[in-house]
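Produce the complete structure using the sequences and hints provided.
Chains D and Z supply the protein sequences, listed in that same order.
Reading the first sequence from the start, the letters are residues 1485 to 1851 in the numbering used here.
Reading the second sequence from the start, the letters are residues 29 to 281 in the numbering used here.
Derived from the structure by calculation, the hints contain no laboratory data.
A couple of the hints might just be wrong.
[Stated by the list, open to error] Calculated lysine-lysine pairs in the DSSO-like style (CA-CA distance at most 27 Å, straight line):
no., chain 1, residue 1, chain 2, residue 2
1, Z, Lys225, D, Lys1704
2, Z, Lys44, D, Lys1704
3, D, Lys1792, D, Lys1621
Bear in mind the structure is a predicted one, so any value in this text is a computation, not a measurement.
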Amino acid sequence: MSTEKKHNTEEVRLMKGNEAIAHAAIRCGCDGYFGYPITPQSEIMETLMDLEPWNTTGMVVLQAESETASINMVYGAAGCGKKAMTSSSSPGVSLMQEGISYMVGAELPCVIVNVMRGGPGLGTIQPSQADYFQTVKGGGHGDYKLITLAPASVQEMADFMVKSFDLAFKYRTPVMILADGIIGQMMEKVVLPPFTPRWTEEEIREQTPWATLGKTPDRKPNVINSLRLEAADMEKLNLVLQSRYREIEQKEVLFEEFECADADYIIVAFGITARICQKTVELARQKGIKAGLIRPITLYPFPTAQIKEYADKVKGMISVEMSAGQMIEDVRLAVNGKVPVEFYGRMGGIVPSPEEVLEALENKLIG
Amino acid sequence: MNIADIINPANLVMEKTKVMNDTPMHYCPGCSHGVVHKLIGEIIEEMDIQDKTIGIAPVGCAVFAYQYLDIDWQQAAHGRAPALATAVKRLLPDRYVFTYQGDGDLAAIGTAETIHAANRGENITIIFINNGIYGMTGGQMAPTTLQGMKSSTSPTGRDIPRNGFPLNITNLLAQLEGTCYVTRQSVHTVASVRKCKKAIQKGFENSMLNKGTSVIEIVSTCSSGWKMTPADSNDWMVENMFPAYPMGDLKNI
Ligand SMILES: Cc1ncc(C[n+]2csc(CCOP(=O)(O)OP(=O)(O)O)c2C)c(N)n1
Ligand code: SF4
Ligand SMILES: [Mg+2]
Chain D
1485 MSTEKKHNTE EVRLMKGNEA IAHAAIRCGC DGYFGYPITP QSEIMETLMD
1535 LEPWNTTGMV VLQAESETAS INMVYGAAGC GKKAMTSSSS PGVSLMQEGI
1585 SYMVGAELPC VIVNVMRGGP GLGTIQPSQA DYFQTVKGGG HGDYKLITLA
1635 PASVQEMADF MVKSFDLAFK YRTPVMILAD GIIGQMMEKV VLPPFTPRWT
1685 EEEIREQTPW ATLGKTPDRK PNVINSLRLE AADMEKLNLV LQSRYREIEQ
1735 KEVLFEEFEC ADADYIIVAF GITARICQKT VELARQKGIK AGLIRPITLY
1785 PFPTAQIKEY ADKVKGMISV EMSAGQMIED VRLAVNGKVP VEFYGRMGGI
1835 VPSPEEVLEA LENKLIG
Chain Z
29 MNIADIINPA NLVMEKTKVM NDTPMHYCPG CSHGVVHKLI GEIIEEMDIQ
79 DKTIGIAPVG CAVFAYQYLD IDWQQAAHGR APALATAVKR LLPDRYVFTY
129 QGDGDLAAIG TAETIHAANR GENITIIFIN NGIYGMTGGQ MAPTTLQGMK
179 SSTSPTGRDI PRNGFPLNIT NLLAQLEGTC YVTRQSVHTV ASVRKCKKAI
229 QKGFENSMLN KGTSVIEIVS TCSSGWKMTP ADSNDWMVEN MFPAYPMGDL
279 KNI
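Quick look at the structure:
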């Protein structure tokens, strides 16, 4: 296949979410992808291997021996100021937690894509949202937060790839794209981002003066490091991270509302579940129930203030998730007891239908 | 005569390499780590590659290597240095990229990363300090601890049925198609230091020749972990470590 054909300039394409990630990564100037195969996201590396970006943009694509190695390769690349990424699904992301914590400690930017599947353990290859806690509440050791973007369409898979690198470098932090097996596997129309060239070494020196490109006589050695033996120094690093998190919470919240203006009841859902719940809202409104939907797009930072505002206006909320109920804790913190917050979810890879969500809303909130 | 008369430029016969800074080292007296650091610094200065070298430090006693050599460093999680080095070298192919790892780092927790980086033939230099013990954490048994050798987690000596065999990982690495140069050295005598320096330099040079991975094992002492004086440690190493980990090149292509 000719390079021209592979890097089709035709902007509207039909593809899987996983494929959109791969295309968008190349287009946004990603320098390196390091990954290990796991369903339901193997198409990301397969697409990259098929597109052979090393022949066009010079992007490095490497199949590692494990997710542990992948995330540490990402660490090495990011330490050189490179735009590096990995992708995996739940069990693999568990293996990466050590590396993610180290990257946070070393203040390194990167993008991690988790196309979630059902757990715990080897679990199932069916879609799930049960890694919310792992992603949003820490995952690895130490006090940290991961900026987390939850796409609900193939288009957002592509768009968030670009946005994630921007956020990662802006705040010198790993960013997680938390998708699920449906978003990864389903095919939709997508407009791919325009081609942005990879940074030159000159640009890297300018954008990331901390990068290890080799010590030149005009500066001190650059050291990528998360070790602080002195407690006071360790606290100082933590304070830097925490102040960055406060800034992220101020500036980077993203969410979407659907039919909330006059709503009596609000469904809170993210990712593919939000798409399902949009249908639930329509069904409810046909029955005369004034339902609305809030879709957090950033799971961290969470749209706490926005949900809190609605707590004064509605009769109740329901958090709908493909898990035993994880995001509901953040919804309840935002609502702070003002109105009832109920939960409906399916586990183990089962996807709830719009009808069963409506039934749950009626039973739990309306009675 | 006072000290200023003695330390005077006219009397200068040898200088410390400029790549090594004046930070006091935390290594115990007699420890091999310091000597190997000096050799790396000298090679970087002599090859004039300070601006082209990126070191990957381990978790282990050498975790602070970045405090002593004035080059760019990345400090890796325990055992993961070869994964970092892989990405650094792939993205910066015109740089000299080396890992510096202990036996616990390289041959226990990082076995997979080490073997796969070497098997892919990454054009990196792996410097492997084999002191047969976990120095940093206080002298526990390492994968390379000898049969019968005492450590804090094998207080009556390494017992094969209980603890398994000492892992000769360098022999294993020499068998991989991806390695081009695998050698075992030491730094306990002037002659051995000189030989070791040549070996490390060769490893650095290889990394620009697209030949694959170079592995330089340095059989080392850990007087603190071994609970011996530095002099006794050297003797004990020659008598006990060398038969299990014989000196010389295992592979050189
Ligand atoms: C994941 C993890 N497990 C355990 C440790 C504790 N630890 C620090 S150094 C070390 C052993 C180092 O031994 P070696 O690699 O032989 O280096 P040496 O100190 O002997 O030079 C261990 C187990 C750690 N830092 N990280
Ligand atoms: S504990 Fe052993 S390896 Fe560590 S500095 Fe002391 S002698 Fe060297
Ligand atoms: Mg050791």
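Tested hints:
Straight-line distance between C-alpha atoms of Z:Lys225 and D:Lys1704 comes to about 26 Å, which keeps the hinted pair within the 27 Å bound. With a C-alpha separation of about 19 Å, the suggested pairing of Z:Lys44 with D:Lys1704 holds against the 27 Å cut-off. About 20 Å separates the Cα atoms of D:Lys1792 and D:Lys1621, which keeps this hinted pair within 27 Å; it holds.
Checked against the numbered hints given earlier, the structure satisfies every one of them.
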